Amino acid sequence: MGIKAKLLDIYDKRYKGLMIFTIVLLFLAVGLLGYNYATTGEFVKQGVSLKGGITLTIPTDTEPDITALKKDMQSQLPKADIEIRRLTEAGLLKSIIIEASDTTEDDLKNAVIASKLIELKEDEYTIESMGSTLGASFFKQTIIAVILAFLSMGIVVLITFRSLVPSLFVILAATSDILCTLAAVSLLGMKLTTAGVAAFLMLIGYSVDTDILLTTRVLKRKEGTIFERIVGSMKTGMTMSITSFIAALLAYIFTSSDVIKQIMIIIVIGLFFDMLNTWIQNTGILRWHLERKAKKHGQN
Amino acid sequence: MGKTKQLFTNWRIIILIIFLIFAVISIRPAFFNEGVTIKAVLKNSSAALAGIENPAPGSSPMSKEVIISMNNVPINTVADYYGFVDSLDVNRTVRVKTNRNSYTLLTRPEYLIEELNETEQKIVQETEQVNETINGTIQSINKTVNKTITVPKTKKTLIGMQDLGLSIMQAPTSNIRKGLDLQGGTRVLLQPAEKVDDDMMATIMDNLQERLNVYGLTDVIVKEIRDKPKILGEGNKYILVEIAGATEEEVKDLLAKQGKFEAKIGDIQVFKGGQDITYVCRTAECSGIDPNRGCGKIEGGYACSFMFSISLTPEAAQKQADATRPLTIEHLEQGEYLSKKLELFLDDKKVDQLNIAADLQGRAVTEIAISGSGAGVSEQEAMINALQSMKRLQTILITGSLPVKINVVKTDNISPVLGKEFVNNALLVGIISILSVAVVIFIRYRHLKVALSMIVISLSEIIMLLGFAALVGWNIDLAAIAGIIIAVGTGVDDQVVITDETLKKEAMQYGGFAQRLKRAFFIIMAAYFTTVVAMVPLVFAGAGLLKGFALTTIAGVTIGVFITRPAYGSIIKILLGE
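Residue numbers (numbering that gives the first Met the number 0), protein chains in the order written: chain A, 0 to 299; chain B, 0 to 577.
If you're looking for bench data, these hints aren't it; they were derived computationally from the structure. Misleading hints may appear alongside valid ones.
Heads up, simulated DSS-like pairs for lysine-lysine below, C-alpha to C-alpha not over 25 angstroms straight-line [unchecked claim]:
| # | chain 1 | residue 1 | chain 2 | residue 2 |
| --- | --- | --- | --- | --- |
| 1 | B | LYS517 | A | LYS50 |
| 2 | A | LYS15 | A | LYS190 |
| 3 | A | LYS139 | B | LYS96 |
| 4 | B | LYS2 | A | LYS219 |
| 5 | B | LYS503 | A | LYS139 |
| 6 | A | LYS221 | B | LYS517 |
| 7 | A | LYS50 | B | LYS503 |
| 8 | A | LYS219 | A | LYS120 |
| 9 | A | LYS139 | B | LYS38 |
| 10 | B | LYS572 | A | LYS50 |
| 11 | A | LYS219 | B | LYS517 |
| 12 | B | LYS96 | A | LYS221 |
| 13 | A | LYS108 | B | LYS340 |
| 14 | A | LYS234 | B | LYS222 |
| 15 | B | LYS96 | B | LYS38 |
| 16 | B | LYS503 | A | LYS221 |
| 17 | A | LYS219 | A | LYS139 |
| 18 | A | LYS139 | A | LYS190 |
| 19 | B | LYS227 | A | LYS50 |
| 20 | B | LYS419 | A | LYS234 |
| 21 | A | LYS190 | A | LYS219 |
| 22 | A | LYS120 | B | LYS271 |
| 23 | A | LYS5 | B | LYS96 |
| 24 | A | LYS139 | B | LYS517 |
| 25 | A | LYS69 | A | LYS120 |
| 26 | A | LYS190 | B | LYS222 |
| 27 | A | LYS234 | B | LYS271 |
| 28 | B | LYS404 | A | LYS219 |
| 29 | B | LYS271 | B | LYS404 |
| 30 | A | LYS50 | B | LYS194 |
Pulled from the structure, derived: some chain A residues nowhere near chain B, Cβ distances all over 10 angstroms [stated by the list, open to error]:
| # | residue |
| --- | --- |
| 31 | ASP106 |
| 32 | THR125 |
| 33 | PHE137 |
| 34 | LYS219 |
| 35 | LYS234 |
| 36 | ALA246 |
Computed beta-carbon distance windows for the label pairs [claimed, not checked]:
| # | chain 1 | residue 1 | chain 2 | residue 2 | range |
| --- | --- | --- | --- | --- | --- |
| 37 | B | MET524 | A | ALA4 | 44 to 54 angstroms |
| 38 | A | ASP8 | B | LEU575 | 43 to 53 angstroms |
| 39 | A | ASN109 | B | ASP347 | 28 to 38 angstroms |
| 40 | A | THR38 | B | ALA192 | 28 to 38 angstroms |
Keep in mind it's a predicted model, so treat the numbers as computed, not measured. Idealized CB from N, CA, C, for every residue including glycine.
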């Protein structure tokens, strides 16, 4: 109990310091994304489903030499941009995914066959190709979708609380979640796919949940002190986040689908940042705001 | 009152149970369903001639006809079916027993006709109009002459048995439609190269569907997709074509070609689709079942005749007159027709042939009636088939070639092996996720009843969501599975809010149970609306490829908020409350 009490004490007394930590985190994320944009022209690397290209999924349970395969294919298709990944289910190899842009389906298949490093069995592999113009319009639209989703979310939050400042805090927390998660995705070297964009939209919903819970309990309830209400809502909110976090993490580990894997890893990362941004950033900033308001009222 | 009785008399829980029952009825699970289901029947195939009907478009998986045995050999799997078909020989009868009926099929030979590099002489009889002087007056009479023509030699070789014409799949174990990701197949996304209006889009889609049918691909989905809701303006339009099974090369080739339609008499091209036809009647006054001939009984069923009129350009009419002039007249049962038929070709493949009425010979008519017929086991079916053939023909005549060039913007060819694996894996992932949630909840509340209630509620949400998808005909694909997982995750979050708001000691001082539940629902509704509004733009973005994900999530959280959360509140109150 000693540790718990000590942690709570830090959480209570040093909330401003902790809050600054999350703000710094947000700035770092924005900085990284800005740096990406300045150097590569995109915030996060886009996968072939967003920028156009071919994805070849070959089911296999014998480990091929991926470096050799990539080298061999690259020498056969010098113009193409080739990337090879392993897809695992519970840690066991399930498939090899070859992603390539600037080549054709036939060339890619022939290159795989010619490499002799992995077997391409008829009817067992999956090949998906995305035209680059469609990819580009896809990306543009999903960006618009994210912006629209954000605006509508903001409106719902404003209607819910009918109070501008706390609503803005909620929106700031959701924004921080999205940006930090994007930065983490980029740091992990992952490429964003269409499924990933869907996951980000979902994350808006997930991250706002706990912020709404916090703001409702702190603003609309009268029982106990502000800090007691915060701790009470944190208990509920953390249960919510931890159940979702563990379920999404296990789904990430056990799924054999690349689509579900990307959605789940983004939810996992997003929920991690959501815990920080809700219980440190949003809580801190809300508390600071309320205490300042109370002080003002006290003085008047 | 005992707790069990309380549970089953609570109206919120009763509503949940009613919806669950509806969902199960709509899913219609049959775990041990055996046999193979008929997905489609090819026109004019042995199967179609034997009277096996094509399933109605949009019919639910469980309502389709299932083959149980062939020649008394039980057919339980797709492999059984192909094994049996391989053992068949030409010109044999096969008794096919389905869950509805018994059919007798006759296997037909398949020939390969090759044009050889040599020619042969053939004597044909032709009728010519000659002027002769009879009894001092010049009269035009018909004279039959023997003519020798040179034709390329052909070789006809028997290459085996014609396909029975049945497109089959393993009998489904429920009404849940699996998306392409989960069953394998080909998906092609097409985009017209220029802006097209709604009518033209419909024309293009009819044309594409027609082509796929002409090529024997009947089990096809052709759908229009917009990336903007209609009220918000034009946006981009796409055509999504999904085919279970077909290979990608075949389909891509077929769809990307702009298409060429021509009508020939013998080797002479009379008119081409599009430019030579000025008008095709599709209204009831000049198209439909032929009023003079109607429907009649034929051997083994009924046949109906249709007709519609088309207008040709004067040039095309003249070409037709020139082409029909040298033909002879034949007396057939139905009337007098010319010796050669008007043959219709689509991309150099013959799609239909029409008899030419004798009185049209040599005349440059611009208005011509095109007729044909459809057969079926019942008069109703014959009529439907006749009208369908008519529509198909009209489509070809109107469109001929596609009005605009079509670009293939995305193709996916998904392996059936991987698809099958995803289904099993999704079940595993679902079970693991739900169990892990239950464990976390148990650790937090130390109450088995809470953890069990949440499992029950989560499972019933999944069942209702699948039931809803089966009812409205949604396909469950990978993205939809992700949507289900996420909707259930949101459900668990809300149940945690309900549990904490209603059962916490500090909350107890705060009014009665109903009031506390109301407080919980304030948070739940706010969270619900943010999720829904965040998902709505995704319904349209990205050529609709994420629509499944967005709709499943929205449906899932909606079912949750209006059905399962209230029920969960009641369960918790009864099991743990005061």
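Hint by hint, here is what the structure shows:
1. Of the supplied pair hints, the one linking B:LYS517 and A:LYS50 is violated, its CA atoms being roughly 47 angstroms apart against a limit of 25 angstroms.
2. Under the criterion of a C-alpha separation no larger than 25 angstroms, the hint pairing A:LYS15 with A:LYS190 is inconsistent with the structure, at around 35 angstroms.
3. A hinted pair counts as satisfied when its Cα atoms are at most 25 angstroms apart, and A:LYS139 with B:LYS96 does not qualify at roughly 54 angstroms.
4. For the proposed pair B:LYS2 and A:LYS219, the alpha carbon gap of about 34 angstroms is over 25 angstroms, so the pair is violated.
5. Distance hint between B:LYS503 and A:LYS139 is unfulfilled; the C-alpha atoms sit about 47 angstroms from each other, more than 25 angstroms.
6. Of the supplied pair hints, the one linking A:LYS221 and B:LYS517 holds, its CA atoms being roughly 16 angstroms apart against a limit of 25 angstroms.
7. Taking the CA atoms of A:LYS50 and B:LYS503, the gap is near 51 angstroms; set against the 25 angstroms cutoff, the hint is violated.
8. Taking the CA atoms of A:LYS219 and A:LYS120, the gap is about 62 angstroms. The hint is violated against a cut of 25 angstroms.
9. A C-alpha spacing of about 38 angstroms is found between A:LYS139 and B:LYS38, which places the hinted pair above 25 angstroms, so the restraint is violated.
10. A threshold of 25 angstroms between alpha carbons decides the hint, and for B:LYS572 with A:LYS50 the separation of about 52 angstroms lies outside it, so the pair is violated.
11. This hinted pair checks out: A:LYS219 and B:LYS517 have alpha carbons roughly 13 angstroms apart, not beyond 25 angstroms.
12. With a CA separation close to 73 angstroms, the supplied pair B:LYS96 and A:LYS221 exceeds the 25 angstroms bound.
13. The suggested pairing of A:LYS108 with B:LYS340 is violated, with an alpha-carbon distance near 46 angstroms, which exceeds 25 angstroms.
14. Between A:LYS234 and B:LYS222, the direct Cα distance comes to roughly 48 angstroms. Violation of the 25 angstroms bound is thereby established for this hinted pair.
15. Only pairs whose Cα atoms come within 25 angstroms are accepted, and B:LYS96 paired with B:LYS38 is accepted, the gap being roughly 16 angstroms.
16. Among the hinted pairs, B:LYS503 with A:LYS221 is consistent with the structure: their alpha-carbon atoms are about 15 angstroms apart, no more than 25 angstroms.
17. Taking the CA atoms of A:LYS219 and A:LYS139, the gap is about 40 angstroms. The hint is violated against a cut of 25 angstroms.
18. In summary, the hint linking A:LYS139 to A:LYS190 is supported, as the alpha carbons are separated by about 16 angstroms, within the 25 angstroms threshold.
19. Taking the CA atoms of B:LYS227 and A:LYS50, the gap is near 20 angstroms; set against the 25 angstroms cutoff, the hint holds.
20. At roughly 41 angstroms between alpha-carbon atoms, B:LYS419 and A:LYS234 are farther apart than 25 angstroms, so this suggested pair is violated.
21. Only pairs whose Cα atoms come within 25 angstroms are accepted, and A:LYS190 paired with A:LYS219 is rejected, the gap being roughly 42 angstroms.
22. At most 25 angstroms may separate the alpha-carbon atoms for a hinted pair to count; A:LYS120 and B:LYS271 exceed this at roughly 43 angstroms.
23. At most 25 angstroms may separate the alpha-carbon atoms for a hinted pair to count; A:LYS5 and B:LYS96 exceed this at roughly 77 angstroms.
24. Restraint check: the Cα-Cα separation between A:LYS139 and B:LYS517 comes to about 41 angstroms, which exceeds 25 angstroms; the hinted pair is violated.
25. Using a Cα cut-off of 25 angstroms, the hinted pair A:LYS69 and A:LYS120 holds, with the two alpha carbons roughly 19 angstroms apart.
26. With a CA separation close to 30 angstroms, the supplied pair A:LYS190 and B:LYS222 exceeds the 25 angstroms bound.
27. Taken as a hint, the A:LYS234 and B:LYS271 pair is broken in the structure, with Cα atoms around 75 angstroms apart against an allowance of 25 angstroms.
28. With a C-alpha separation of about 61 angstroms, the suggested pairing of B:LYS404 with A:LYS219 is violated against the 25 angstroms cut-off.
29. Between B:LYS271 and B:LYS404, the direct Cα distance comes to roughly 18 angstroms. Compliance with the 25 angstroms bound is thereby established for this hinted pair.
30. Distance hint between A:LYS50 and B:LYS194 is fulfilled; the C-alpha atoms sit about 23 angstroms from each other, no more than 25 angstroms.
31. Annotated as non-interface, A:ASP106 keeps its C-beta farther than 10 angstroms from every C-beta of chain B; the closest such distance is 14 angstroms.
32. Look at A:THR125: its CB is around 5 angstroms from the nearest CB on chain B, not clear of 10 angstroms, so calling it non-interface is violated.
33. Here A:PHE137 does not stay apart from chain B, with its beta-carbon only about 5 angstroms from theirs, under the 10 angstroms limit.
34. With a minimum CB-CB distance of about 8 angstroms to chain B, A:LYS219 fails to clear the 10 angstroms threshold, and the non-interface call is violated.
35. A beta-carbon of chain B is positioned within 10 angstroms of the beta-carbon of A:LYS234; the least distance is around 7 angstroms.
36. For A:ALA246, the condition that its CB be more than 10 angstroms from all CB atoms of chain B is violated, with the nearest at approximately 4 angstroms.
37. The hinted window of 44 to 54 angstroms between B:MET524 and A:ALA4 is violated, with their beta carbons roughly 36 angstroms apart.
38. One distance hint, 43 to 53 angstroms for the beta-carbon pair A:ASP8 and B:LEU575, is violated here, with the actual separation near 32 angstroms.
39. The given range of 28 to 38 angstroms is respected by A:ASN109 and B:ASP347, whose C-beta atoms sit roughly 29 angstroms from each other.
40. Under the hint 28 to 38 angstroms, the C-beta atoms of A:THR38 and B:ALA192, about 36 angstroms apart, fit the expected range.
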